[in-house]
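Protein chains in written order, with numbering that gives the first Met the number 0: chain A, 0 to 605; chain B, 0 to 127.
Everything labelled a hint here was simulated from the structure, so no lab data went into it.
Just so you know, these numbers come straight off a predicted model, no measurement behind them.
No false leads were mixed into what you were given.
Interface residues of chain B toward chain A, partial, derived using beta-carbon atoms under 8 Å:
#, residue
1, H22
2, S24
3, F25
4, A29
5, R31
6, L32
7, A35
8, S94
9, K114
10, A115
11, L117
12, T118
13, L119
For lysine to aspartate or glutamate, the following DMTMM-like pairs were computed, each having C-alpha atoms within a straight-line distance of at most 25 Å:
#, chain 1, residue 1, chain 2, residue 2
14, A, K597, A, D489
15, A, K443, B, E116
16, A, K597, A, E539
17, A, K443, B, E34
18, A, K445, B, E34
19, A, K3, A, D286
20, A, K445, B, E39
21, A, K597, A, E527
22, A, K443, B, E39
23, A, K443, B, D96
24, A, K3, A, D295
25, A, K445, B, E116
26, A, K3, A, D322
27, A, K445, A, E466
Every residue, glycine too, gets a C-beta built ideally from N, C-alpha and C.
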Amino acid sequence: MTLKRKLTLVAVLGLATGVLAAALIFTSNFATERGALAAFLLVIGWSFIGTGLFAWWRRPGNPIGWLMTLVGFTIFLPALSSVDIGWVFMVGQAFGVISYGLIIHMLLAFPDGRLHSRFERVVAAAVYFDVTVMQVADGLFYDPGQYADGCTGCPSNPFLIDANKAAEGAINGVQTVIAVAAIVGLCVALWRRWRPVPAAQRRALTPVLIAGGGAMTIVVVGLIASMTNAPDGVTEGILLATLVAFAFIPFAFLAGIMRSRLSRASALSALVARLGSPEHRREAMRDALAEATGDDALRVAYWVNDGWVDGEGHQVDLEPLGDQIAVFWTRDGWVDGDGRQIRSGMPVGPAAGAGPGEPIAAVIHDRSLIEERDLVRDVGSAVGIALENELLEAELRANVEELRASRARIVEAGYEERRRVERDLHDGAQQRLMALGINLQLAKAKVADEPDTAAGLLDDAIDVLAEATAELREFARGIHPAVLSDKGLDAAIAGLASRAPIPVEVSGTPEARLPTPVESTAYFVVAEALTNVARYSRAEGASVRVEQVNGAVEIEIADDGVGGADPTAGSGLSGLADRVSALGGEFRVDSPAGAGTKILVRVPCG
Amino acid sequence: MAAPGSVMENLGMRATVLIVDDHQSFRASARRLLEADGYEVVGEAADGESGIAETGNLSPDLVLLDMQLPDIDGFEVARRLADVEHPPVVVLVSSRDRADIGSFDSRQIAGFIPKAELTLGSLAPFLP
Numbered sequence: 000m001t002l003k004r005k006l007t008l009v010a011v012l013g014l015a016t017g018v019l020a021a022a023l024i025f026t027s028n029f030a031t032e033r034g035a036l037a038a039f040l041l042v043i044g045w046s047f048i049g050t051g052l053f054a055w056w057r058r059p060g061n062p063i064g065w066l067m068t069l070v071g072f073t074i075f076l077p078a079l080s081s082v083d084i085g086w087v088f089m090v091g092q093a094f095g096v097i098s099y100g101l102i103i104h105m106l107l108a109f110p111d112g113r114l115h116s117r118f119e120r121v122v123a124a125a126v127y128f129d130v131t132v133m134q135v136a137d138g139l140f141y142d143p144g145q146y147a148d149g150c151t152g153c154p155s156n157p158f159l160i161d162a163n164k165a166a167e168g169a170i171n172g173v174q175t176v177i178a179v180a181a182i183v184g185l186c187v188a189l190w191r192r193w194r195p196v197p198a199a200q201r202r203a204l205t206p207v208l209i210a211g212g213g214a215m216t217i218v219v220v221g222l223i224a225s226m227t228n229a230p231d232g233v234t235e236g237i238l239l240a241t242l243v244a245f246a247f248i249p250f251a252f253l254a255g256i257m258r259s260r261l262s263r264a265s266a267l268s269a270l271v272a273r274l275g276s277p278e279h280r281r282e283a284m285r286d287a288l289a290e291a292t293g294d295d296a297l298r299v300a301y302w303v304n305d306g307w308v309d310g311e312g313h314q315v316d317l318e319p320l321g322d323q324i325a326v327f328w329t330r331d332g333w334v335d336g337d338g339r340q341i342r343s344g345m346p347v348g349p350a351a352g353a354g355p356g357e358p359i360a361a362v363i364h365d366r367s368l369i370e371e372r373d374l375v376r377d378v379g380s381a382v383g384i385a386l387e388n389e390l391l392e393a394e395l396r397a398n399v400e401e402l403r404a405s406r407a408r409i410v411e412a413g414y415e416e417r418r419r420v421e422r423d424l425h426d427g428a429q430q431r432l433m434a435l436g437i438n439l440q441l442a443k444a445k446v447a448d449e450p451d452t453a454a455g456l457l458d459d460a461i462d463v464l465a466e467a468t469a470e471l472r473e474f475a476r477g478i479h480p481a482v483l484s485d486k487g488l489d490a491a492i493a494g495l496a497s498r499a500p501i502p503v504e505v506s507g508t509p510e511a512r513l514p515t516p517v518e519s520t521a522y523f524v525v526a527e528a529l530t531n532v533a534r535y536s537r538a539e540g541a542s543v544r545v546e547q548v549n550g551a552v553e554i555e556i557a558d559d560g561v562g563g564a565d566p567t568a569g570s571g572l573s574g575l576a577d578r579v580s581a582l583g584g585e586f587r588v589d590s591p592a593g594a595g596t597k598i599l600v601r602v603p604c605g
Numbered sequence: 000m001a002a003p004g005s006v007m008e009n010l011g012m013r014a015t016v017l018i019v020d021d022h023q024s025f026r027a028s029a030r031r032l033l034e035a036d037g038y039e040v041v042g043e044a045a046d047g048e049s050g051i052a053e054t055g056n057l058s059p060d061l062v063l064l065d066m067q068l069p070d071i072d073g074f075e076v077a078r079r080l081a082d083v084e085h086p087p088v089v090v091l092v093s094s095r096d097r098a099d100i101g102s103f104d105s106r107q108i109a110g111f112i113p114k115a116e117l118t119l120g121s122l123a124p125f126l127p
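In isolation and in its complexed conformation, chain B is listed as follows:
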């Protein structure tokens, strides 16, 4: 199973993903789902600062970013990720509804997926 229609798939490369979420159970499930979906999960981070650091180290194609983190919130993380050398595609996830999130800067955040709706194929639309 691979990300359908992915440019990278066409080039024979698996897209790399970093999961930033403070809940271990969610990270484990998301990793399993994403790997089943054909992504390469290159790392996990439990808070915003280490998420930013790991992005710098690993240069993932995509960061699956929880909105609510123990140190800084997902929006702040996304704002700072936009300034790194190779900015990743940032997809915000949350256990809250879309309506609770409000607006966000589409230059920093490619999209939002409620955690309950994170399924096979749900990340594909955000990758080139």
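Looking at chain A on its own, in the form it has when it is part of the complex:
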């Protein structure tokens, strides 16, 4: 059941209960001053229920709302004592004062709905004991017909053990003592609560404490007055004052709750603390937000690999949202479901689809929070900062991860290079030298008997030797080109271009020598890129531009081939990217299908 539906149901129930209570009073055979009694019960009961529901709706996470509502319902309970049925009459008597207990509980728990100290819990427990156990005990000795002020026509008490006025009076006395002690305790607790808070927060707290504490004090005065057999006028005056004070309480509470920055400030500072703590995890972010906004159903989702997931990585569906709406944290701040930027806070607007481009996180919250502009703005800023931190942290983690991965790849590339060297040597020069050896042996064997055959074998040997030498030279250049060490990048790239199978236009190569690692990296980027051009691009021409700009070398290799190069597909480009990134450089491949390939590299020279 949604919150709204639940609250509507309770409201209807509250109205019906009030009407029922009034009906009971007006149809009573014995109740006196029916109109006044019914009017007071309805005004106070409905006030509590109405304001309670409103507070409940606006602060779903704060128990004060439903406590107030509950008080409203219990206000109607004394109406049962208008019924001419013994046990119903007595239920009204026994539980007619339970609302006092709830009100004191509310006062103790204001504004966040929780009892904070052992002292507060003891006071609350004492009051509940007083208005339930003691009141029920009192009922066992209470005979309405024999009561001093009389109750003409009241039903008899079916639970009566003994119509013992002395016993009832003693119980009443204990009840009064407990009540007075509890109210004093309440005042102490409220004073302790009120005293240390900053002036701004006191402003909101004060009316609640005055209305609540005042009403309770009047109750105490009334209790003492009835104990001391004060004149009727005084007792009635006190009763009237009590009722009026009670009627004020719900509105004072409501004003306090709605205006109070105490809960918001403390929730917000708790939120900021929790979000800022180093051990905060994504689930903690959700919990902290839910607590700060009082929206238990609030969810936080993160945009990971093109999908929404919660803090634990479970998939989150953003549709349908029902009574919730989603807002999105992007690199540009908060935006609503339609991608409209929201100037402040967690903002307003319907959710649509998976949200706008480049989302980072989404907060899915109750639609009613839209009304809480101040709270939402403050929470939104705090969350924005936390998300920003989280984003930075995630980026940092990703960078570290990438660094670790590229380091591993560089090491692996080193081993792979050794394997390639071994394989190339084995398959190439070594095989030729083996063949050369065999030829020479054979020539040696033939030289005496068949000198012509031996000469032919030696000719073959010379050819094989020439091939082996050329191969070794090429091989050595692949390991590290001598021309690069001797004459620099300019000459080395010119050499690469001249050996390429397609025309390569070279421009802007720096004549000044660069640091060796930069020179080597630049050379191998160009060499690998031109090898790829020759192998895969089907290009008719290529260009190489190497320029020294602002303390960095910029290298651009472009071709007019088929494009579609994938730097992650093991084309040697990823190895180059690692080499470049090891020097703190940038590596970019721009290779749309059908439109050639452009590799852009920037390596700082410092």
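Model the placement of chain B on the given structure of chain A, informed by the hints.
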């Protein structure tokens, strides 16, 4: 020049050899050497599978088998050659040293010759 002390030589027959090696230059040199040594090189194969197939077709007396082949290695080829109808004498060759080869099953491989030591007469000890 003939394989000295060879039974086949004594019977007036030249021993037949199949060369299995993926390097063309080595195959050419080995063929020249073996022919000069009195063997009849009946075929060449550039990888393991075709080496096995050619052995089946040609039934050579001896297979000069490179250890490192592009598809399956020489040991696997030797293992499968041991199962053919007339198993040839298998002599393993490699550009690596004897120490790099490790042990091998002498029922499948008669012996090992480093390529650098392949000379006139070096195959004779392996033939009956």
